[in-house]
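Chains A and B, in that order, give the protein sequences.
Under this note's numbering, the first residue of the first sequence is numbered 38, with each subsequent residue one higher.
Under this note's numbering, the first residue of the second sequence is numbered 38, with each subsequent residue one higher.
Hint data in this document are derived by calculation from the structure and do not stem from the laboratory.
Worth double-checking, as some hints may not be accurate.
Each pair may be met inside one copy or between any two copies, as identical chains are not told apart.
[As the list claims (entries may be wrong)] Quick list of in silico lysine to any residue cross-link-like pairs, SDA-like style, CA-CA up to 25 angstroms: (1) Lys163 to Asp153; (2) Lys209 to Pro312; (3) Lys324 to Trp142; (4) Lys209 to Ala480; (5) Lys324 to Asp169; (6) Lys163 to Ala284.
The structure presented is a predicted model; accordingly, all values stated were derived computationally and were not measured.
Protein chains: 2
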Amino acid sequence: MNCNGARLALRAAEAAGVEVCFANPGTTEMEWVTALDEVTGIRAVLCLFEGVATGAADGYGRIAGKPALTLLHLGPGFANGIANLHNARRAGTPVVNLIGDHATWHLAADAPLTSDIESLAAPVSKLVLRTDDAQKLSHDMTTAIAGAKGPPSGVASLIVAQDAAWTPVDDKPHAPPQNIRFSPDHAAVARAAEQLERAGDRGGLLLGGVLGRESLEAAARIAAKLGSRVVVDTFLPRLREGRGVPAFAGLPYFPEQAAEALSDLKTLVIAGTRPPVAFFGYRHMAKSTLAPDDCPSEVLSGLGSDSAPGLVALADALGADAYVPAAEIPLPPAPNGDLDAMSLGLTLARWLPENAILINEAATSGLGWGVHGRAAAPHDVLNLTGGAIGQGIPNAVGAAIAAPQRRVVALQADGSGMYTLQGLWTLAREALDVTVIVCANRAYRILQAELGRSSSTPPGPVALGLTELSGPHLEWTRLAEGMGVPACQVAGCEDLRNALELRSQSSGPYLIEALL
Amino acid sequence: MNCNGARLALRAAEAAGVEVCFANPGTTEMEWVTALDEVTGIRAVLCLFEGVATGAADGYGRIAGKPALTLLHLGPGFANGIANLHNARRAGTPVVNLIGDHATWHLAADAPLTSDIESLAAPVSKLVLRTDDAQKLSHDMTTAIAGAKGPPSGVASLIVAQDAAWTPVDDKPHAPPQNIRFSPDHAAVARAAEQLERAGDRGGLLLGGVLGRESLEAAARIAAKLGSRVVVDTFLPRLREGRGVPAFAGLPYFPEQAAEALSDLKTLVIAGTRPPVAFFGYRHMAKSTLAPDDCPSEVLSGLGSDSAPGLVALADALGADAYVPAAEIPLPPAPNGDLDAMSLGLTLARWLPENAILINEAATSGLGWGVHGRAAAPHDVLNLTGGAIGQGIPNAVGAAIAAPQRRVVALQADGSGMYTLQGLWTLAREALDVTVIVCANRAYRILQAELGRSSSTPPGPVALGLTELSGPHLEWTRLAEGMGVPACQVAGCEDLRNALELRSQSSGPYLIEALL
């Protein structure tokens with residue numbers, strides 16, 4: 038088979054460690070589709086909507102710690118993937134978007150599918166490249182992968198003219214990009230140590246990004262030594278939690294509660310994230326920052342950089358003792374009766390298998406998980422990082438492909454789930470071991486709460502109609518079965534428990550619609 | 038009720054003739070949601086995905102000839118609507134996007150949902166405005182509506198800071214923008230007349246945009262007078278067709294066939310569109326333009342401007358006789374046996390009620406409609422204008438709301454339909470009289486054709502897997518029922534005919550999965 042730009046670039050990606058391509062191609066991507074038959078080290082996964090492809094790449098990147106490719110069709114195809122790339126951007130997830138464009142000589146014609154792809158890509162990408170030249174394509178692919186890996190890691194977008202993909206080139210081996218390990222700034226570690234020592238129990242440590250056991254145990258050592266307050270971001274890209282894993286308070290979602298939680302801090306040391314800000318602005322609290330105005334902060338590492346080296350160096354600099362696990366708090370007994378956020382979270386926490394991956398896009402229905410998840414078997418949680426709903430099912434696709442030996446559970450709000458429900462089909466086609474639990478409260482419940490916060494009068498019928506998923510309600514079991522995913526509906530704690538027990542004896546995709 | 042920026046702006050929209058808002062709001066849009074209870078002349082229609090809202094506004098605008106509002110949630114929410122706005126842009130459809138953003142003082146914090154909305158909006162908008170000031174908001178709303186109306190008509194995007202929406206303002210009446218009627222350039226009409234007369238039967242007339250009976254009859258008069266060749270764009274935003282309506286050849290999709298169809302022209306007069314270009318570029322035909330190089334063109338009116346005044350003036354300038362309807366060509370008898378693109382198109386054409394609206398996003402399965410639609414009862418067809426698939430079901434939502442007294446049929450490819458299937462729920466909630474016919478060939482058939490065009494060797498298993506909607510196949514009846522739309526599956530011409538006959542006796546939404 039003769040080599041061309043697309044084939045050589047895919048081989049360069051393979052050499053750089055890329056193993057998966059989440060694809061929703063069109064005519065301008067046909068050379069890439071053909072090349073995927075040649076480059077057998079990269080698994081092609083078809084998604085029926087681009088938001089599934091980008092959300093899957095985000096979920097994959099959070100678990101694998103390296104980028105997958107997406108393969109997307111010009112500006113409109115890329116645009117359908119932006120929302121989940123926004124979440125990936127806010128998570129610092131390594132992702133490489135491969136976006137086909139018209140042949141170089143065809144761009145000036147402004148054909149129907151032409152648009153300004155750079156303008157669309159820039160808001161969600163740390164790096165945007167355009168390749169018009171087949172000879173440069175594999176080099177640009179390597180540059181995009183290196184950019185996505187970082188540190189800091191993030192989203193790289195590579196726009197490729199169709200003639201750069203189809204033009205013949207000589208085949209040649211590729212030097213993969215070097216993996217670079219993030220090193221913390223020793224001066225910053227020294228300053229942080231000094232500030233925390235001075236502040237004592239009014240010193241704060243804010244953790245964000247991908248949080249594994251090493252970062253959490255280092256933070257626990259610091260807290261044990263100084264009494265520092267450790268807080269984790271509200272929406273973490275990935276958090277290790279469960280029995281025997283150090284657990285810390287999450288920063289509350291509403292800004293008045295978040296500011297209250299930080300109000301007595303005299304200093305704030307930050308690892309893996311940035312100084313905390315309000316998710317939304319409100320009339321009654323016209324202030325974005327959440328830490329006290331007179332609380333200085335010291336950033337050890339930002340988003341997309343490993344927080345562990347800085348936190349370990351800080352704990353060592355403080356002379357903190359080795360980590361001693363806290364006493365385990367047992368889970369309450371199995372609840373009975375109606376399902377609500379709390380009984381759902383507890384039932385799930387009691388069942389969750391060891392080392393599972395739980396994707397939490399359950400919005401208000403996920404509050405019970407926040408309470409009980411830390412007492413479940415050790416696992417990883419992926420949260421909605423950018424507020425762009427529709428992350429959950431796609432993340433599950435990607436996480437399951439990154440970790441085929443682990444059970445994946447998507448705890449999914451019904452309103453959010455509708456944005457990317459097409460991901461259910463990919464779960465079925467790839468036979469992924471994913472349990473989707475749809476929390477069917479049949480409303481945008483968080484918006485109903487926000488309506489109450491924004492107005493002192495009760496909402497009228499139009500406002501209520503815009504926040505209710507009723508008239509008709511959604512039948513998630515049929516939606517799942519329509520895409521080849523077996524499903525059941527449960528209406529109480531016992532029902533859910535039974536459904537989960539049956540899941541313990543099966544694998545592959547399954548959807549449970551939990552009526553709340 | 039006290040007035041605020043959002044309420045006053047919605048009243049300005051109501052005064053300007055806006056009647057519908059296709060909404061998928063979030064926290065930053067709560068003031069607009071509340072205001073929709075106050076401004077009773079604007080109907081709020083909830084969509085469960087933004088691409089449904091923008092595609093509905095596109096369908097509405099194509100039928101109503103005036104803009105609807107969309108209500109979208111910051112950058113990620115807007116981004117989900119871009120693909121269908123791309124189609125609206127290529128159709129020249131009037132649409133006004135109302136995009137909520139953070140409060141002005143909260144933008145600098147770069148909160149999780151913050152992104153560069155202007156960068157996302159510019160590629161699909163003829164006008165992008167940002168309003169930070171409650172006092173200016175209703176004025177900016179009027180400006181956006183006037184911009185969307187044109188001529189030329191198109192997409193206007195208004196980004197509104199949340200504090201501009203919530204800040205109190207004095208209520209005051211609004212002067213609506215003036216409606217401006219497009220006038221053709223008389224010198225252009227005179228030049229076109231001279232060129233067409235000189236070229237005789239080698240003179241061409243290319244029609245695009247919204248094509249009603251007046252434009253088509255004027256073109257028929259010119260053809261009768263001079264023997265000019267009349268061709269219509271491949272993908273028209275709206276075309277009147279059926280018995281007694283002048284029908285012309287469509288420009289072929291593949292560029293070699295399109296160039297062949299125009300190859301002997303000596304001049305080309307263009308109305309409602311622009312000089313024709315290839316949809317995609319190909320290796321074997323590295324040329325974008327389709328008319329001969331030595332064929333000059335004269336544009337009477339561009340996209341988004343009414344083509345009728347210029348065409349009527351041209352026919353009159355040529356001294357063409359009054360329009361005489363051509364003899365009607367009867368439809369062939371009802372086909373039997375298996376369904377394919379041809380028998381499907383014929384069965385549908387024999388059934389279609391008078392003055393229906395047919396939305397054709399059937400891709401390869403729509404070829405039979407292209408043959409038989411012109412002999413059906415008179416109706417309007419809306420086509421996929423920008424190549425961004427997922428237009429059909431949303432267009433049907435908007436068209437049915439614009440014309441509640443007309444039957445709407447969405448002839449929908451299965452692959453394309455999956456991009457915005459959430460629109461089925463809005464059909465059910467609003468009880469819209471829409472028949473969705475899903476053409477279930479269970480493949481991206483057009484991509485399989487493109488694979489054959491791009492390579493001389495047969496596709497490998499990976500390439501085939503990326504173009505097949507099988508393993509598992511989609512069960513559209515379940516997907517529809519899961520969103521409250523009754524549905525059936527048909528497997529042959531008789532089945533389809535029976536299903537359509539039953540539809541004649543019922544109204545409301547219905548989905549027919551036609552197995553091809």
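Inset, instruction - Give the relationship of Lys324 and Asp169 under a CA distance limit of 25 angstroms: within one copy only, between copies only, both, or neither. - result: Result: close only across copies, 17 angstroms inter versus 46 angstroms intra.
Inset, instruction - At 25 angstroms max between alpha carbons, let me know whether Lys209 reaches Ala480 within a copy, between copies, both or neither. - result: Intra 56 angstroms, inter 35 angstroms, cutoff 25 angstroms: neither.
Inset, instruction - Go through the copies and call it for Lys163 and Ala284: within, between, both or neither, with a Cα cutoff of 25 angstroms. - result: neither (32 angstroms within a copy, 51 angstroms between copies)
Legend entry - Up to 25 angstroms CA-CA - Pro312 versus Lys209, copy category: Neither, since 46 angstroms and 43 angstroms both go past 25 angstroms.
Inset, instruction - With 25 angstroms as the alpha-carbon cut-off, assign the pair Lys324 and Trp142 to within, between, both or neither. - result: Between copies, since 8 angstroms is at most 25 angstroms while 50 angstroms is not.
Legend entry - Alpha-carbon proximity between Lys163 and Asp153, which holds within one copy, between copies, both or neither at 25 angstroms: both (17 angstroms within a copy, 13 angstroms between copies)
Checked against the numbered hints above, the structure violates hints 2, 4 and 6; every other hint is satisfied.
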